[in-house]
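J.: Listed below are the residues making up each chain.
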Amino acid sequence: MKKKSHLPFRLNVLFFLIFLLFSLLILQLGVVQILTGEEAQRVLDETEETVTSVPVPRGEMYDRNGNIIVENTPKYAITYTPPKHVQPDEKLDVAQKLASYIKKDDGDVTKRDKKDYWILINHEEAYAKLSDEEKAEMDNEEEYYAVLDRITDGELAQLTEADLEVIAVKRELDQAIELTPHIVKNEEVTDTEYATVAEHLSEMPGVNVTTDWERHLPFHPTFSNFVGGLTSHDEGILRDKADFYLTRQYSRNDRVGKSFLEEQYETILSGQKELYRHITDSQNNILGTELVHEGKQGKSLVLTIDMELQKKIDQIVEEELTIAIENHPGKNRFMKDALVVMMNPKTGEVLSITGKRYYRATDEEPAHVKDESYRVVYDAHLPGSAIKGATVLAGFQSGVINKSTTFFDRPIKIAGTPWKSSYDTLRSVNYLSALERSSNVFMYFIAMRMGGDYTYVENAPLDYDSDAFRQMRNYFKQFGLGIETGIDLPYEATGYEGEVYSPGFLMDYAIGQYEPFTALQLAQYISTIANDGYRVKPHLVKEIRESNNNGELGPIYKVMEPEVINRIEMDQEYIDAVQNGLYRVFNGTRGTAAGTFADKPYVAAGKTGTAQNMIYENGQLVEETENLTLVGYAPYDNPEIAFSIIVPNVGVRTRTGINNKIGERILDAYFELNEEKEGEGEEEVDN
Amino acid sequence: MSRDNTRYNIDYFLLFIVLLLGVVSCLSLYTLQDFLPAKLMETKFYLRQIVWYILGAFTIVVMMILDYDRLRKVAWFLYGVGVLSLAGLYVLPETIALELNGARGWYQTPFGTIQPAEFMKVFLIIILAHVITSHNEKRKEPRFLDDIWLLLKITLISIPPIGLVAMQPDLGSAVVFASIVGFLVLVSGIRWRILLLIGALVAALLGMIAGLYLLFPELVNTVLKDTIFAHVFERFEAFFDPNQNADQSGYQINKALLAIGSGQLLGKGLMNIEVYNIPERHSDMIFTVIAEQAGFLGASFVVTLFFLLIYRIIHTALACKDPFGSYLCTGVVGMITYQVIQNIGMSIKLLPITGLPLPFISSGGSSLIAYMMMIGLVLNVKSRTRTYMFDD
Chain A
1 MKKKSHLPFR
11 LNVLFFLIFL
21 LFSLLILQLG
31 VVQILTGEEA
41 QRVLDETEET
51 VTSVPVPRGE
61 MYDRNGNIIV
71 ENTPKYAITY
81 TPPKHVQPDE
91 KLDVAQKLAS
101 YIKKDDGDVT
111 KRDKKDYWIL
121 INHEEAYAKL
131 SDEEKAEMDN
141 EEEYYAVLDR
151 ITDGELAQLT
161 EADLEVIAVK
171 RELDQAIELT
181 PHIVKNEEVT
191 DTEYATVAEH
201 LSEMPGVNVT
211 TDWERHLPFH
221 PTFSNFVGGL
231 TSHDEGILRD
241 KADFYLTRQY
251 SRNDRVGKSF
261 LEEQYETILS
271 GQKELYRHIT
281 DSQNNILGTE
291 LVHEGKQGKS
301 LVLTIDMELQ
311 KKIDQIVEEE
321 LTIAIENHPG
331 KNRFMKDALV
341 VMMNPKTGEV
351 LSITGKRYYR
361 ATDEEPAHVK
371 DESYRVVYDA
381 HLPGSAIKGA
391 TVLAGFQSGV
401 INKSTTFFDR
411 PIKIAGTPWK
421 SSYDTLRSVN
431 YLSALERSSN
441 VFMYFIAMRM
451 GGDYTYVENA
461 PLDYDSDAFR
471 QMRNYFKQFG
481 LGIETGIDLP
491 YEATGYEGEV
501 YSPGFLMDYA
511 IGQYEPFTAL
521 QLAQYISTIA
531 NDGYRVKPHL
541 VKEIRESNNN
551 GELGPIYKVM
561 EPEVINRIEM
571 DQEYIDAVQN
581 GLYRVFNGTR
591 GTAAGTFADK
601 PYVAAGKTGT
611 AQNMIYENGQ
621 LVEETENLTL
631 VGYAPYDNPE
641 IAFSIIVPNV
651 GVRTRTGINN
661 KIGERILDAY
671 FELNEEKEGE
681 GEEEVDN
Chain B
1001 MSRDNTRYNI
1011 DYFLLFIVLL
1021 LGVVSCLSLY
1031 TLQDFLPAKL
1041 METKFYLRQI
1051 VWYILGAFTI
1061 VVMMILDYDR
1071 LRKVAWFLYG
1081 VGVLSLAGLY
1091 VLPETIALEL
1101 NGARGWYQTP
1111 FGTIQPAEFM
1121 KVFLIIILAH
1131 VITSHNEKRK
1141 EPRFLDDIWL
1151 LLKITLISIP
1161 PIGLVAMQPD
1171 LGSAVVFASI
1181 VGFLVLVSGI
1191 RWRILLLIGA
1201 LVAALLGMIA
1211 GLYLLFPELV
1221 NTVLKDTIFA
1231 HVFERFEAFF
1241 DPNQNADQSG
1251 YQINKALLAI
1261 GSGQLLGKGL
1271 MNIEVYNIPE
1281 RHSDMIFTVI
1291 AEQAGFLGAS
1301 FVVTLFFLLI
1311 YRIIHTALAC
1321 KDPFGSYLCT
1331 GVVGMITYQV
1341 IQNIGMSIKL
1351 LPITGLPLPF
1361 ISSGGSSLIA
1371 YMMMIGLVLN
1381 VKSRTRTYMF
1391 DD
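Line by line, the protein sequences are chains A and B.
In terms of my numbering, the first sequence opens at residue 1 and continues consecutively.
In terms of my numbering, the second sequence opens at residue 1001 and continues consecutively.
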């Protein structure tokens, strides 16, 4: 059988080859399993730790009497906690299911989002838009962008309403960080949505239903400006302070305080998140989760504000502002704001802080008054004579006047400036009558002497040492005028410094007619005089309290003690003298505010102010207006309340006297309220 | 051949090996079931596999009824049917001719999907065995030119099925066809001179391509881009540097190595699977299931089973007095050898990843039925081989 003789031999050769190949297989199998097997097992056993945080409820705010100003109200929320290394198609799947259960506003969906989604669901069609040559030239990323460019509006129009919802949901899912809960929806989650999602949780890995917190201000809009705002989940942490937050275990999409008290006390209010450590194996399975750090609910703030007083003051200011404007709609056409601060001069506790703005009727809405209390710390106005207490003290301290110095008050003229005078020719005045009757000329002489000129000659130029300006400012700053008051807010205005140092301007400065100050600065200034020269930081937070879970105030964590920033340089003797002058403003026979305050059951002291504030339009004088101000404190002997009032742009000769009227009513209101409280207190004692 | 001896000579050893492979297959699929990705969880692959094995048993019986010699009469007809069914994939509408995983290689039938390439493997073995046998029968003393003529015939017969399959594109199956052809050419009696020459030519060609690629990778990439060979090159790149090519195949091989490696010597035991999400684990990557749970010992046992299976088939080929039977067996050996080496080789990073199932073990009906047809053929050959007292 010669023809077949080759077969057995060749089959044996073949078999030998096969044997070699199989030996090779076994050999390599041995290498993989025995030589490198342990290493593979080690890789498998490797675990990875991830720490995630779960937010805790934010602290609340109360007024000094325990009335709640800011509280948390719970609301339903749907969250997504992505597993490690979740695949895009799994996310799409979750998004599609979730979108079918909840309504999600697609307002934020961008064209790019739509295009990404379109490519995801029409992958082949999308890539068919590229020619083979193009595919050959581009890398994956370039291809993707080229496809993005070529999607037409018509194709995007194919996306249905339902698709848009899926996109909106997927947008949220994409923002989530692995193992960290991300809120997908917390606005207007209905009971049905909540229940439906809860039922189908098992279909959507990572999705959960929970409750989120919403800030609620029962007194809104009273004091709401100073509470401030929070960022939304979308805004997340403030970008310019990102490092600050990120080093404190904040997540990028955490809501944080973005203004006023919410921002100032962010770290106190936000509490400490619960920290969990997740251990995952190399397959991304969670092997275990342990609580690393027990979370702490945010601490609550007890404010210095008395909401009852605050509401009353708000109402008074609103009424007076409205009356003044509506009685003189023409002359008062530039008048719109009224600002009031009330604080304890000794402790710096701010009791009420009011800013109202009048909006005139337009085609859209009738005339109304809005709460814009932030203007108390943001807006600076020329204070007028209200600051003369500081001028007199500067005069004493610099030695240019003493208690027996008198000047003859009459119009005076310096070369190159207009005539300067008081509102009337007051004749001979000393420091007391100068304050009582608000002599400008007395203040001019102080300024001139500080500049080095002791001999006034009509229409002659002054000897003038421009360092006097710096000196005068320096005195003023000791009262808080032109410098931060130190209030516990992220921002406060300090006014503007004039840049011209001519003697005429120094004289204007001495009567509050050159540099503007905020209402809060005026309040600190008068408090400093009332407090025997001690300048105290005004503050809005009285105590920080621990929170307990039932939403009531917990134990005290910290009490904000009064903080003295500085004591003015002036001797007690001079301070007493100026206090006496301020007493006479409110109580003297010729005091500028005596008509209002002399007969009150309480004894108050203070200073009125009127600053000229001409309104020019295109270089033309269109209205003469004045800033009417009033600062004061009471009781005179043992001050417990100090206040400042600024009403800018009151029409000249409208004789509203709005500063005095507001002053009278707020002091009345303060003492009435005090009496009521004391009455209650006594009853309690009786019981 | 005369068949005066009617005693059926059944190779129970071979059957026993196939049975063991079946048990390994069903067990592997059963243990894998809970670790499959969610979208595959619904399908109970082990139950399906049991059903396919039962159908496979019937197939063996059917294949043994008729004398294998009669296949020579229908060899051309079967070949025609096979080629037409492959061509049909390009002609018939998409509802019938399915595209799965990017390759157009399946028919949709009421009983499930059918992959004609699997059956073509059987038909190709039969027609080549027939043609080689006929060629040699006519030429007792073949001349050089006769050998060339045989080679040409084999080539002409092989080109249509290999081309059709490669175009799907299913390069894995194309190479299986080529390996069947290769094994048969080797035993067909063609002179060593010619075989060595062909071998040298092929080696030179491959070397040239590899050299070109190493020297001018970008040029090769550009030329090959969007041809089926680009895909081949990607696979090779992933093979050489799986971490840099974190695409599907790089990921697949890394995961597979992790699973097989961590099985170590003794394995983790049944139902202890630690590595998840290996793509195609129930089909192409089934070997990782065995190696992870049964370790080196279990994996080697399965490799040995395949070796014994091949040994038994070669044994049959050697024992057979009829060249047609020997050629049939050799074709089957070619197919099984290549698939086993390729599939296990790619799982343990000996070879680049190619989408090929592990015979008898991977989940899949068409292929299993095709292998059972071949086992039936081999048993048929064996049973009709008269054994002499002093033989063997």
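Hints may contain errors.
Keeping only pairs whose Cα atoms sit at most 20 Å apart, straight-line, the calculated PhoX-like set for lysine-lysine is [claimed, not checked]:
#, chain 1, residue 1, chain 2, residue 2
1, B, Lys1140, B, Lys1039
2, A, Lys311, A, Lys677
3, B, Lys1255, B, Lys1138
4, A, Lys677, A, Lys542
5, B, Lys1255, A, Lys84
6, A, Lys97, B, Lys1039
7, A, Lys91, B, Lys1039
8, A, Lys600, A, Lys661
9, A, Lys91, A, Lys103
Looking from chain A toward chain B, a few residues come up when the C-beta cut is under 8 Å (computed) [what the hints assert, rightly or not]:
#, residue
10, Ile18
11, Leu20
12, Phe22
13, Ile26
14, Val32
15, Gly37
16, Gln471
17, Asn474
18, Gly498
To be clear, the hints were calculated from the coordinates, so they are not data collected in a lab.
Quantities reported herein were computed from a predicted structural model and do not represent experimental measurements.
C-beta atoms are modelled at their ideal positions from N, C-alpha and C, and glycine is treated no differently.
J.: Of the hints given before, which are not true for this structure?
T.: Per hint list: 1, 3, 11, 16, 17 and 18 violated.
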